[in-house]
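Protein sequence lines correspond, in order, to chains A and B. Number 88 in the numbering used here belongs to position 88 of the first sequence; there are no gaps in the numbering. Number 189 in the numbering used here belongs to position 189 of the second sequence; there are no gaps in the numbering.
Hints may contain errors.
Stated by the list, open to error - Simulated restraints on C-beta separations:
{"id": "1", "chain 1": "A", "residue 1": "Ala144", "chain 2": "B", "residue 2": "Val88", "range": "28 to 34 Å"}
{"id": "2", "chain 1": "B", "residue 1": "Asp82", "chain 2": "A", "residue 2": "Gly10", "range": "41 to 47 Å"}
{"id": "3", "chain 1": "A", "residue 1": "Glu83", "chain 2": "B", "residue 2": "Trp186", "range": "40 to 46 Å"}
Unchecked claim - In silico SDA-like cross-links for lysine to any residue, where the CA-CA straight-line distance does not exceed 25 Å:
{"id": "4", "chain 1": "B", "residue 1": "Lys121", "chain 2": "B", "residue 2": "Gly24"}
{"id": "5", "chain 1": "A", "residue 1": "Lys121", "chain 2": "B", "residue 2": "Ala179"}
{"id": "6", "chain 1": "B", "residue 1": "Lys163", "chain 2": "A", "residue 2": "Lys67"}
{"id": "7", "chain 1": "A", "residue 1": "Lys104", "chain 2": "B", "residue 2": "Lys183"}
{"id": "8", "chain 1": "A", "residue 1": "Lys121", "chain 2": "B", "residue 2": "Gly120"}
{"id": "9", "chain 1": "A", "residue 1": "Lys104", "chain 2": "B", "residue 2": "Glu83"}
{"id": "10", "chain 1": "A", "residue 1": "Lys163", "chain 2": "B", "residue 2": "Gly89"}
{"id": "11", "chain 1": "A", "residue 1": "Lys67", "chain 2": "A", "residue 2": "Ala22"}
{"id": "12", "chain 1": "A", "residue 1": "Lys104", "chain 2": "B", "residue 2": "Pro51"}
{"id": "13", "chain 1": "B", "residue 1": "Lys121", "chain 2": "A", "residue 2": "Glu182"}
{"id": "14", "chain 1": "B", "residue 1": "Lys163", "chain 2": "A", "residue 2": "Phe81"}
{"id": "15", "chain 1": "B", "residue 1": "Lys121", "chain 2": "A", "residue 2": "Phe81"}
{"id": "16", "chain 1": "B", "residue 1": "Lys121", "chain 2": "A", "residue 2": "Ala125"}
{"id": "17", "chain 1": "A", "residue 1": "Lys183", "chain 2": "B", "residue 2": "Asn74"}
{"id": "18", "chain 1": "A", "residue 1": "Lys121", "chain 2": "B", "residue 2": "Pro51"}
{"id": "19", "chain 1": "A", "residue 1": "Lys163", "chain 2": "B", "residue 2": "Pro51"}
{"id": "20", "chain 1": "B", "residue 1": "Lys183", "chain 2": "A", "residue 2": "Pro51"}
{"id": "21", "chain 1": "B", "residue 1": "Lys121", "chain 2": "A", "residue 2": "Ala155"}
{"id": "22", "chain 1": "B", "residue 1": "Lys183", "chain 2": "A", "residue 2": "Asp138"}
{"id": "23", "chain 1": "B", "residue 1": "Lys163", "chain 2": "A", "residue 2": "Ser185"}
{"id": "24", "chain 1": "B", "residue 1": "Lys183", "chain 2": "A", "residue 2": "Ser119"}
{"id": "25", "chain 1": "B", "residue 1": "Lys121", "chain 2": "A", "residue 2": "Thr177"}
{"id": "26", "chain 1": "A", "residue 1": "Lys163", "chain 2": "B", "residue 2": "Gly24"}
{"id": "27", "chain 1": "A", "residue 1": "Lys183", "chain 2": "B", "residue 2": "Glu127"}
{"id": "28", "chain 1": "B", "residue 1": "Lys104", "chain 2": "B", "residue 2": "Lys183"}
{"id": "29", "chain 1": "A", "residue 1": "Lys121", "chain 2": "A", "residue 2": "Ala37"}
{"id": "30", "chain 1": "A", "residue 1": "Lys163", "chain 2": "B", "residue 2": "Lys163"}
{"id": "31", "chain 1": "B", "residue 1": "Lys121", "chain 2": "A", "residue 2": "Pro51"}
{"id": "32", "chain 1": "B", "residue 1": "Lys104", "chain 2": "B", "residue 2": "Ala179"}
{"id": "33", "chain 1": "B", "residue 1": "Lys121", "chain 2": "A", "residue 2": "Gly120"}
{"id": "34", "chain 1": "B", "residue 1": "Lys183", "chain 2": "A", "residue 2": "Ala151"}
{"id": "35", "chain 1": "A", "residue 1": "Lys183", "chain 2": "B", "residue 2": "Glu182"}
{"id": "36", "chain 1": "A", "residue 1": "Lys183", "chain 2": "B", "residue 2": "Phe78"}
{"id": "37", "chain 1": "B", "residue 1": "Lys163", "chain 2": "A", "residue 2": "Val85"}
{"id": "38", "chain 1": "A", "residue 1": "Lys104", "chain 2": "A", "residue 2": "Thr150"}
{"id": "39", "chain 1": "B", "residue 1": "Lys104", "chain 2": "A", "residue 2": "Thr80"}
{"id": "40", "chain 1": "B", "residue 1": "Lys163", "chain 2": "A", "residue 2": "Ala180"}
Bear in mind the hints are in silico, worked out from the structure with no lab data behind them. Source: prediction; values computed, not measured. All residues carry an ideal CB built from backbone N, CA and C; glycine is no exception.
2 protein chains.
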Amino acid sequence: MASFTIFGTGNMATAIAGVLTAGGAEVAHVSSGDTTATISGETVILAVPYPAITEIVANYGDQLAEKVIVDITNPLNFETFDELVVPVGSSAAAELQRALPAAKVLKAFNTNFAATLASGKVGEASETVTTVLIAGDDAAAKSALGAAVTAGGLAAVDAGSLKRAHELESLGFLQLTLAASEKISWAGGFGLNN
Amino acid sequence: MASFTIFGTGNMATAIAGVLTAGGAEVAHVSSGDTTATISGETVILAVPYPAITEIVANYGDQLAEKVIVDITNPLNFETFDELVVPVGSSAAAELQRALPAAKVLKAFNTNFAATLASGKVGEASETVTTVLIAGDDAAAKSALGAAVTAGGLAAVDAGSLKRAHELESLGFLQLTLAASEKISWAGGFGLNN
């Protein structure tokens, strides 16, 4: 059975846990205040706001060193809502990979609003199945996450190498600006259609 | 009646012209070999590959100087399919705006495959209406283009300032890589659901 440890207990953490448990995976949570937990999962999902990642790496660097780590963050400047806070051309996922060079970092879930993970559809009156886009350099890790997501009833697409995390974060950023400006609802967004 | 001059005669030029004429607009074409045409349209759409823009600016800079110009390009490195050829963090649209500072540059149509403009749907078995995302700094120009697009049967969404062209080009890039790697069809892509 696939096992996951999810950092965070917010909307996204809850929604991701729902998908994975629906697919038969074992899920444990670590709350953000906990600095000394034992990480049991094969795969670790950082379902926390971007600024919390630095502290998690500081507290759990040894345990995370060789794990599959899923970064779901959208590193927005939430004051201006007009730029990202990672270096231009880079991504939160690439920065995390730099901090933990032996880990297998994946970018995923950052283009999915929590409601679309819970409902399985993008948009309230939509037939578009929610697709989790996964970028990363380790094919086996991407494939395993994709299998856990599809077992939970969603679609998963390999979006390419970890370099594509830049484009996934751009897409997440754009989608957040559209929802914040009420062009779309928080139950909608970009759905992938074939 | 809104009037458009479209540079280019390829799939995208044809599909965009189809949408605009369906909405009652007047559309003239300039083929890429023509270097001395008179631009009659109020709005100019550069439906050409990104490398052709430099020559159009060189040949038509005077006529384009104060026009509304719609840039639809995805400035990919089509040899590597792994990066854009514009400066990191910038966009083709921002570069065009720099070259023609008095023009009103809009980014639009770069996230729409031609087939989705022609069919009005994203995906072959989909009910998702094709949405044209429009970024730019001139609200009136964005609004006029959006009205022409919706008159032609599609949806249009104001995606923010011209700075958001970076995110639209990231989205176009990602979508092209997904189609080129057969994760989606050329009749599909990212549809915007509410």
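Hints and how they fare:
With their beta carbons about 32 Å apart, Ala144(A) and Val88(B) fall inside the hinted range of 28 to 34 Å. Between Asp82(B) and Gly10(A) the beta carbons are some 34 Å apart, a value that contradicts the proposed interval 41 to 47 Å. Here the CB-CB span from Glu83(A) to Trp186(B) is close to 32 Å, at odds with the stated 40 to 46 Å. For the hint linking Lys121(B) to Gly24(B), the alpha-carbon distance of about 20 Å falls within 25 Å, and the restraint holds.
About 22 Å separates the Cα atoms of Lys121(A) and Ala179(B), which keeps this hinted pair within 25 Å; it holds. Between Lys163(B) and Lys67(A) the CA atoms are separated by roughly 37 Å; this puts the pair beyond 25 Å, and the hint is violated. The hinted pair formed by Lys104(A) and Lys183(B) meets the criterion: a straight-line CA distance of about 23 Å does not exceed 25 Å. Under the criterion of a C-alpha separation no larger than 25 Å, the hint pairing Lys121(A) with Gly120(B) is consistent with the structure, at around 21 Å.
With a C-alpha separation of about 22 Å, the suggested pair Lys104(A) and Glu83(B) falls inside the 25 Å cut-off, and the hint holds. As the CA atoms of Lys163(A) and Gly89(B) are separated by approximately 14 Å, the hinted pair is consistent with the 25 Å bound. The suggested pairing of Lys67(A) with Ala22(A) holds, with an alpha-carbon distance near 23 Å, which does not exceed 25 Å. A C-alpha spacing of about 37 Å is found between Lys104(A) and Pro51(B), which places the hinted pair above 25 Å, so the restraint is violated.
Taken as a hint, the Lys121(B) and Glu182(A) pair is honoured in the structure, with Cα atoms around 22 Å apart against an allowance of 25 Å. Under the criterion of a C-alpha separation no larger than 25 Å, the hint pairing Lys163(B) with Phe81(A) is consistent with the structure, at around 12 Å. Of the supplied pair hints, the one linking Lys121(B) and Phe81(A) is violated, its CA atoms being roughly 30 Å apart against a limit of 25 Å. Proximity of Lys121(B) to Ala125(A) is assessed by CA-CA distance (about 16 Å); at most 25 Å being required, the pair is judged to hold.
Annotation: proposed proximity of Lys183(A) to Asn74(B) holds, straight-line Cα distance about 24 Å (limit 25 Å). Restraint check for Lys121(A) and Pro51(B): the C-alpha separation of about 39 Å exceeds 25 Å, so the hint is violated. A hinted pair counts as satisfied when its Cα atoms are at most 25 Å apart, and Lys163(A) with Pro51(B) qualifies at roughly 24 Å. A C-alpha spacing of about 33 Å is found between Lys183(B) and Pro51(A), which places the hinted pair above 25 Å, so the restraint is violated.
This hinted pair checks out: Lys121(B) and Ala155(A) have alpha carbons roughly 20 Å apart, not beyond 25 Å. For the suggested pair Lys183(B) and Asp138(A), the alpha carbons sit about 18 Å apart, so the restraint of at most 25 Å is met. Of the supplied pair hints, the one linking Lys163(B) and Ser185(A) holds, its CA atoms being roughly 22 Å apart against a limit of 25 Å. Taken as a hint, the Lys183(B) and Ser119(A) pair is honoured in the structure, with Cα atoms around 23 Å apart against an allowance of 25 Å.
Of the supplied pair hints, the one linking Lys121(B) and Thr177(A) holds, its CA atoms being roughly 24 Å apart against a limit of 25 Å. Our distance criterion of 25 Å between C-alpha atoms is broken by Lys163(A) and Gly24(B), whose separation comes to about 43 Å. Restraint check for Lys183(A) and Glu127(B): satisfied, since their Cα atoms lie roughly 19 Å apart, inside the 25 Å limit. Between Lys104(B) and Lys183(B), the direct Cα distance comes to roughly 36 Å. Violation of the 25 Å bound is thereby established for this hinted pair.
Simply put, Lys121(A) and Ala37(A) have alpha-carbon atoms about 34 Å apart, too far for the 25 Å limit, and the pair is violated. At most 25 Å may separate the alpha-carbon atoms for a hinted pair to count; Lys163(A) and Lys163(B) meet this at roughly 21 Å. At roughly 39 Å between alpha-carbon atoms, Lys121(B) and Pro51(A) are farther apart than 25 Å, so this suggested pair is violated. Our distance criterion of 25 Å between C-alpha atoms is broken by Lys104(B) and Ala179(B), whose separation comes to about 31 Å.
Distance hint between Lys121(B) and Gly120(A) is fulfilled; the C-alpha atoms sit about 21 Å from each other, no more than 25 Å. About 19 Å separates the Cα atoms of Lys183(B) and Ala151(A), which keeps this hinted pair within 25 Å; it holds. About 30 Å separates the Cα atoms of Lys183(A) and Glu182(B), which puts this hinted pair outside 25 Å; it is violated. In summary, the hint linking Lys183(A) to Phe78(B) is not supported, as the alpha carbons are separated by about 33 Å, beyond the 25 Å threshold.
With a CA separation close to 15 Å, the supplied pair Lys163(B) and Val85(A) stays within the 25 Å bound. The hinted pair formed by Lys104(A) and Thr150(A) meets the criterion: a straight-line CA distance of about 20 Å does not exceed 25 Å. Distance hint between Lys104(B) and Thr80(A) is fulfilled; the C-alpha atoms sit about 24 Å from each other, no more than 25 Å. A C-alpha spacing of about 17 Å is found between Lys163(B) and Ala180(A), which places the hinted pair at or below 25 Å, so the restraint holds.
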